[in-house]
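If you read the sequences in order, they're chains A and B.
Take the first sequence: its position 179, counting from 1, is numbered 179 in this note's numbering, and each next residue is one higher.
Take the second sequence: its position 52, counting from 1, is numbered 52 in this note's numbering, and each next residue is one higher.
Check the hints yourself; a few may be wrong.
A pair holds if it fits inside one copy or across any two, identical chains being indistinguishable in the list.
[Unchecked claim] Each computed SDA-like pair below joins lysine to any residue, with the alpha-carbon atoms no more than 20 Å apart:
hint, residue 1, residue 2
1, K162, Q100
2, K162, D183
3, K162, A44
4, K58, Q89
5, K197, P157
6, K36, S119
7, K140, I77
Read the hints as simulated data drawn from the structure, not as lab findings.
As the structure is a prediction and not an experimental result, all values here were calculated from the model.
2 protein chains.
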Amino acid sequence: MPRTEEQNQQIRDERQEQILQAALKVFARRGMAAAKISDIAAEAGFSHGLVYHYFKSKEEIFSTLVKKALQGSTLVIQYAQQQEGSPLQQLRWMTNMILQNISGEGAYLFLIMMQAFTSDAIPEEVKQMMDDGLAFSAIKATLPLIQAGQQAGEIMPDDPVKLAVLYYSLIQGLAISKIQWKDCPMPDADMVLRVLKAK
Amino acid sequence: MPRTEEQNQQIRDERQEQILQAALKVFARRGMAAAKISDIAAEAGFSHGLVYHYFKSKEEIFSTLVKKALQGSTLVIQYAQQQEGSPLQQLRWMTNMILQNISGEGAYLFLIMMQAFTSDAIPEEVKQMMDDGLAFSAIKATLPLIQAGQQAGEIMPDDPVKLAVLYYSLIQGLAISKIQWKDCPMPDADMVLRVLKAK
DNA sequence: GTCTATAAATCGATAGAC
DNA sequence: GTCTATCGATTTATAGAC
Numbered sequence: 001m002p003r004t005e006e007q008n009q010q011i012r013d014e015r016q017e018q019i020l021q022a023a024l025k026v027f028a029r030r031g032m033a034a035a036k037i038s039d040i041a042a043e044a045g046f047s048h049g050l051v052y053h054y055f056k057s058k059e060e061i062f063s064t065l066v067k068k069a070l071q072g073s074t075l076v077i078q079y080a081q082q083q084e085g086s087p088l089q090q091l092r093w094m095t096n097m098i099l100q101n102i103s104g105e106g107a108y109l110f111l112i113m114m115q116a117f118t119s120d121a122i123p124e125e126v127k128q129m130m131d132d133g134l135a136f137s138a139i140k141a142t143l144p145l146i147q148a149g150q151q152a153g154e155i156m157p158d159d160p161v162k163l164a165v166l167y168y169s170l171i172q173g174l175a176i177s178k179i180q181w182k183d184c185p186m187p188d189a190d191m192v193l194r195v196l197k198a199k
Numbered sequence: 001m002p003r004t005e006e007q008n009q010q011i012r013d014e015r016q017e018q019i020l021q022a023a024l025k026v027f028a029r030r031g032m033a034a035a036k037i038s039d040i041a042a043e044a045g046f047s048h049g050l051v052y053h054y055f056k057s058k059e060e061i062f063s064t065l066v067k068k069a070l071q072g073s074t075l076v077i078q079y080a081q082q083q084e085g086s087p088l089q090q091l092r093w094m095t096n097m098i099l100q101n102i103s104g105e106g107a108y109l110f111l112i113m114m115q116a117f118t119s120d121a122i123p124e125e126v127k128q129m130m131d132d133g134l135a136f137s138a139i140k141a142t143l144p145l146i147q148a149g150q151q152a153g154e155i156m157p158d159d160p161v162k163l164a165v166l167y168y169s170l171i172q173g174l175a176i177s178k179i180q181w182k183d184c185p186m187p188d189a190d191m192v193l194r195v196l197k198a199k
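Let the hints inform the model, and build the full structure from the sequences given.
Shown next as C-alpha cells:
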C-alpha cells in the first residue's frame, strides 16, 4: 500500500526539521566552515545523500538557521513592548525570557548568530541579511524602551546606544559563557539589569 | 656577499612575527577551520610555501596564537593584584587595561580565545591547554580580588563565581560587539563595574 | 524517500629548483 | 631564504540503484 501524498508531506516536514536541529548542534560546535555535511547527517541519523535531498547546499542550511535566529530575537523585543508595566518591567520581562532561552538549547542559536556576525566565512545571502539592517535591529528596537525608562527615571541617563551595547554585550557574553561552561552559575534578570538601572 | 648568521636570524624572527600577525587577522575573520594557509600567506605577502618553512602546520600557528592570548590575559590579572589601592581600584585598573586592549587589535585575540573555547574544530594541543585549568584560570584568579572587595564592602555580596562570570561575560561580549561594529560606543570601566559594585 | 558509488574541486603539506 | 609544482587526503555535490 503506497503512502498518501499527505503522509509524504509529513515525512518531508519531519526530515527537514530533523536536519535543521542536527545542523544547529553541529554548526554551533564546529562552526560553519568546519561542519561537514556528513557530520550533520550522522547527527540526524541519515545518510549524507539525504541531506542534499532536502537542502541545496550547506550554505542553505546555515542561512535557514540564521534567519530563524534573527526572527526569534526580534520577536522577543516586540512582545516585550506589548507587556504591561513600566519600561524597566518590560525590560525585566524580556531579560527573563532571554536568560531562560540561553539556559536551554537557545544558546546554540546565539552562537550561530555570532558566527554570522563575526565570521567572513559565511554565505553571501547571510551577509546580506546582516547588512540589510536586520543586524543592529535588536539594538535599534530596544532604544525606545531604554529612552522611555530614562524619562521615567528608572534607567541611568547616558547615551541610549551605549547602554544598549552594554546590555546586549552582556547577554551575548552570557550565552557564550553558558556554552563554554555548561554548569556556570547564571545571574538573574535583576543582576543583568544593573548595567542599565539608575542608582 | 652572503648574509651573516645574525642577519639570517633577524630575518627568521621577522618572518615568524609577520606570519603570526597575518594569521591572527585571518583566523579571527574566518575561523580556524575556514582559514586557508594561502590566506595567511597572502595577508603576510608571502608564498604559501614559506609559511610551511616557519611553521609545521596550520594547527601550530593557531596553537601559538592561543598560547599568547592566554598568557596575556593571565598577566593582566597578576599585574592588577600588584597595583596599589583597594580591591575595587585594582579591578578598575584591570578593566581599563582590558577595555583599552579591546579597542585596538586586542579584540582579535579575544575572538581567537573564544573560538578555542567554543569550537570542537581545534587542534588537540589547544584543547589540552583549555582542559589543563588554564581555561577558567581567569575566573579563578579574579576570585580573591572579588572576595576582598566584598569584605571591604565595595562589591555586592553574592556568589563570587557568579559575579566573575557576570564580569567576564560582559568583557567578552564587549570584545565581540567591538568586532561586529567597529565604531560602537564603548562604555568606560565604571560602567562595566556596575555589575560588581555594591549599591 | 533513502542509500551507495562516484565525480569534481579544494586545500594542507612536501619536494625540489633558484 | 623563498618560490613553484605537485601529491594526497578530504569533502561537497551529483547520479543512479533500490
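Here is what the structure says about each hint:
Proximity of K162 and Q100 under a CA criterion of 20 Å is satisfied inter-copy only: 16 Å between copies versus 25 Å inside one chain copy. When the C-alpha separation of K162 and D183 is checked against a cutoff of 20 Å, the pair qualifies only between copies, where the shortest distance is 11 Å, while the shortest distance within a copy is 30 Å. Taking CA atoms no more than 20 Å apart as the test, K162 paired with A44 passes in neither setting, with 42 Å inside one copy and 35 Å between copies. Taking identical chains as interchangeable, the C-alpha atoms of K58 and Q89 are never at most 20 Å apart, the minima being 41 Å within one chain and 50 Å between chains.
Taking CA atoms no more than 20 Å apart as the test, K197 paired with P157 passes in both settings, with 9 Å inside one copy and 18 Å between copies. Taking identical chains as interchangeable, the C-alpha atoms of K36 and S119 lie at most 20 Å apart whether they share a chain (17 Å) or sit on different chains (14 Å). Within a single copy, K140 and I77 get their C-alpha atoms as close as 10 Å, which meets the 20 Å cut-off; across copies the closest is 35 Å, which misses it.
This entry does not satisfy hints 3, 4, going by the numbered hints stated previously.
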